[in-house]
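Peer 1: One-letter residues, chain by chain:
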Amino acid sequence: MLIHKKSDVIPSEITSKENFENRRNLIKAAGASLLTASGIFTGLVSSTANAASGRQKINSYAKSKYGAEEKLTPYDDITNYNNYYEFGTSKTDPSIESRLFKPSPWAVSIEGAVKKNKQIGIEDIFKLAPLEERIYRMRCVEGWSMVIPWIGFPLAKLIQWAEPTANAKYVEFISLSDDLIMPGQRIHALDWPYVEGLRMDEAMNPLTMIAVGLYGEVLPNQNGAPMRLVVPWKYGFKGAKAIVKIRFTETMPKTSWMKAGPNEYGFYANVNPTVDHPRWTQSSERRIGGGLFTPRIKTQIFNGYAEQVAQLYTGMDLNKNF
Amino acid sequence: MLKITINSLIINNKKLILFISLMPSFRLIYLGINNNLGANPIEFIERSTGLWALILLLITLAMTPIRQHSGINAFAQLRRMLGLTMFFYTCLHIVTYLVLDHWFDFEEIGKDIIKHPYLLVGFTAFMMTVPLAMTSTQAMMKRLGGRWKRLHQLVYLIGLLAVLHFLWLVKKDMTEPLLYGAVFFSLIALRIAYKFRGRILSTRMG
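Residue numbers (this note's numbering), protein chains in the order written: chain A, 1 to 322; chain B, 1 to 206.
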């Protein structure tokens, strides 16, 4: 015998599946925002299966032709072996010390030789140009290298938006300086804030990019969240992290590393196996991710990007302009 | 009474002390087997063996001042064993560099050492440890007589070069090498102070 019992919930009170899922997503997004960013990225990014890690997927980006043939360095190596002195001088410091760092809200000021000073929020930077994945080699001046699938867009797009004047010969990148959240800055290993720079034509080269992510996810704090510079034919230290200011100048910027060791670190810092460094051999490099018996590999001029960038330096003495 | 107890404790537990001083190398083997040496395992081994060579050098150098100030003679008997343990770590350090890091590419290695002062200094220090290790036996001590002591005074130069090697290899944050340097110079100062004290005593007695 079947007993029919009338439901005591009237149909109009039932939450539709769509609404239910929207709410769940909102709650998820709110949870993720507590861990990492405030909810302004909603739509652009979403938390990964393991929301507790704070890792967020970037929802849409295009694959690109750059470096598809290279074997990627494992995610764990890219995110646990970092030179990021704002969070400590040991390679393993940044992943630990940057856990509480909040890359959002975030604004970047545009200053100097521009039509007009401006500010741009990180959520608008995500929308400035179509995001694409580019697999680049990264060669550190210390003689090791990685292959990293960055997500971002050409710096040229940001420069176009910034509208520099004809006086702009160089671009200066200034990173965040705040020793309350960046414990490494309490030691004056470098002259804070971290300053890097490029010549205008280097900055406009299609290879130069602003990265906001890697491995399909929002840039981890230890890799320079929320946005960093990537210049694949130069040594890794040129890639300023956590950028808060971009200034266009007429004269060559004095970078943090130039101040720290003028005979060791030059403005150009192009990867060059024939120009030796006082400490490290530059003719070969160790690819991170190999085992104990993986041999070193030969370092290539301009880190293998000579075809795209060598013309920038014709007629220049690379031994002097190191 | 206490002095005698400590004395016999040291003499009876030399093997245990040796075992303890070898623990950092067991740790490396353990981490290596478990694939736990980090993103750059070769650099990890180079750093670790280099650091432990320096630490053992400092411990070895500490034996004489400790003996002098405590009056416990057994400490002097640990010098050879600890010094050889230091040599063991130094060899691991060099082998890691020559074999794992550069895979016997002697042309590259030669260039690397000559061009980079920190390597030149480190390599020189290593070369100096070899004759010391070779003449560490009782028989060699007897054969060399007075010259043995003069030869083994090289250890002070080795210590100085080792600290310099560490200092020059660090990119920016010099805290750690300076700390080891401070320990090294304190140990030297203790020796000088002891000698000086002896002189005051003898002038007074004279």
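To be clear, the hints were calculated from the coordinates, so they are not data collected in a lab.
A portion of the hints provided could be inaccurate.
Label-pair ranges, simulated between beta-carbon atoms [as the list claims (entries may be wrong)]: (1) K15(B) / E69(A): 49 to 59 Å; (2) K157(A) / D105(B): 40 to 50 Å; (3) S70(B) / I96(A): 49 to 59 Å; (4) V130(B) / F293(A): 20 to 30 Å; (5) T124(B) / K115(A): 32 to 42 Å; (6) A107(A) / M174(B): 27 to 37 Å; (7) Y30(B) / D317(A): 42 to 52 Å; (8) N34(B) / S109(A): 40 to 50 Å; (9) R80(B) / K320(A): 47 to 57 Å; (10) D317(A) / M174(B): 30 to 40 Å; (11) A107(A) / A193(B): 55 to 65 Å.
In silico DSS-like pairs for lysine-lysine, Cα to Cα no more than 30 Å straight-line [claimed, not checked]: (12) K115(B) / K245(A); (13) K102(A) / K3(B); (14) K320(A) / K63(A); (15) K15(B) / K254(A); (16) K115(B) / K298(A); (17) K171(B) / K320(A); (18) K259(A) / K111(B); (19) K118(A) / K169(A); (20) K245(A) / K15(B); (21) K3(B) / K15(B); (22) K259(A) / K172(B); (23) K111(B) / K320(A); (24) K298(A) / K172(B); (25) K259(A) / K171(B); (26) K115(B) / K91(A); (27) K172(B) / K320(A); (28) K102(A) / K171(B); (29) K254(A) / K3(B).
Computed far set for chain B versus chain A, every beta-carbon distance over 10 Å [what the hints assert, rightly or not]: (30) I66; (31) F106; (32) Y118; (33) L132; (34) Q138; (35) K142; (36) L160; (37) K171.
Where is the CB? At the ideal position from N, CA and C, for every residue including glycine.
Peer 1: Against this structure, judge whether each hint is valid.
Peer 2: Status of the hints after comparison with the structure:
1. K15(B) / E69(A): 49 to 59 Å: 56 Å, holds
2. K157(A) / D105(B): 40 to 50 Å: For K157(A) and D105(B) the Cβ distance comes to about 43 Å; the hint holds.
3. S70(B) / I96(A): 49 to 59 Å: Between S70(B) and I96(A), where Cβ atoms are some 41 Å apart, the hint is violated.
4. V130(B) / F293(A): 20 to 30 Å: Since the Cβ atoms of V130(B) and F293(A) sit about 26 Å apart, the hinted range of 20 to 30 Å holds.
5. T124(B) / K115(A): 32 to 42 Å: Because 59 Å falls outside the window, the suggested range is violated.
6. A107(A) / M174(B): 27 to 37 Å: Roughly 36 Å apart at Cβ, these two residues keep to the hinted range, so it holds.
7. Y30(B) / D317(A): 42 to 52 Å: 51 Å, holds
8. N34(B) / S109(A): 40 to 50 Å: Holds, at about 48 Å.
9. R80(B) / K320(A): 47 to 57 Å: 53 Å, holds
10. D317(A) / M174(B): 30 to 40 Å: 32 Å, holds
11. A107(A) / A193(B): 55 to 65 Å: The hinted range 55 to 65 Å holds for A107(A) and A193(B), with Cβ atoms some 60 Å apart.
12. K115(B) / K245(A): 38 Å, violated
13. K102(A) / K3(B): The given pair, whose Cα atoms are some 59 Å apart, is violated under the 30 Å limit.
14. K320(A) / K63(A): Violated, at roughly 38 Å.
15. K15(B) / K254(A): 57 Å, violated
16. K115(B) / K298(A): OK: K115(B) and K298(A) at ~18 Å, within 30 Å.
17. K171(B) / K320(A): Distance ~22 Å between K171(B) and K320(A) Cα, so the pair holds.
18. K259(A) / K111(B): 28 Å, holds
19. K118(A) / K169(A): At roughly 19 Å apart (the allowed maximum being 30 Å), K169(A) and K118(A) satisfy the hint.
20. K245(A) / K15(B): 61 Å, violated
21. K3(B) / K15(B): 20 Å, holds
22. K259(A) / K172(B): 12 Å, holds
23. K111(B) / K320(A): Roughly 21 Å between the alpha carbons, so the hint for K111(B) and K320(A) holds.
24. K298(A) / K172(B): 26 Å, holds
25. K259(A) / K171(B): 13 Å, holds
26. K115(B) / K91(A): Holds. K115(B) to K91(A) sits at ~25 Å (cutoff 30 Å).
27. K172(B) / K320(A): Status holds; Cα separation ~23 Å.
28. K102(A) / K171(B): 28 Å, holds
29. K254(A) / K3(B): 62 Å, violated
30. I66: Holds: least Cβ distance 32 Å, greater than 10 Å.
31. F106: Holds, because the least Cβ-Cβ distance between F106(B) and chain A comes to about 14 Å, which exceeds 10 Å.
32. Y118: At roughly 6 Å from the nearest Cβ of chain A, Y118(B) sits no farther out than 10 Å, so the non-interface label is violated.
33. L132: Given a closest Cβ separation of 28 Å, the condition holds.
34. Q138: 38 Å, holds
35. K142: 42 Å, holds
36. L160: 20 Å, holds
37. K171: 7 Å, violated
In summary, the numbered hints that this structure violates are 3, 5, 12, 13, 14, 15, 20, 29, 32, 37.
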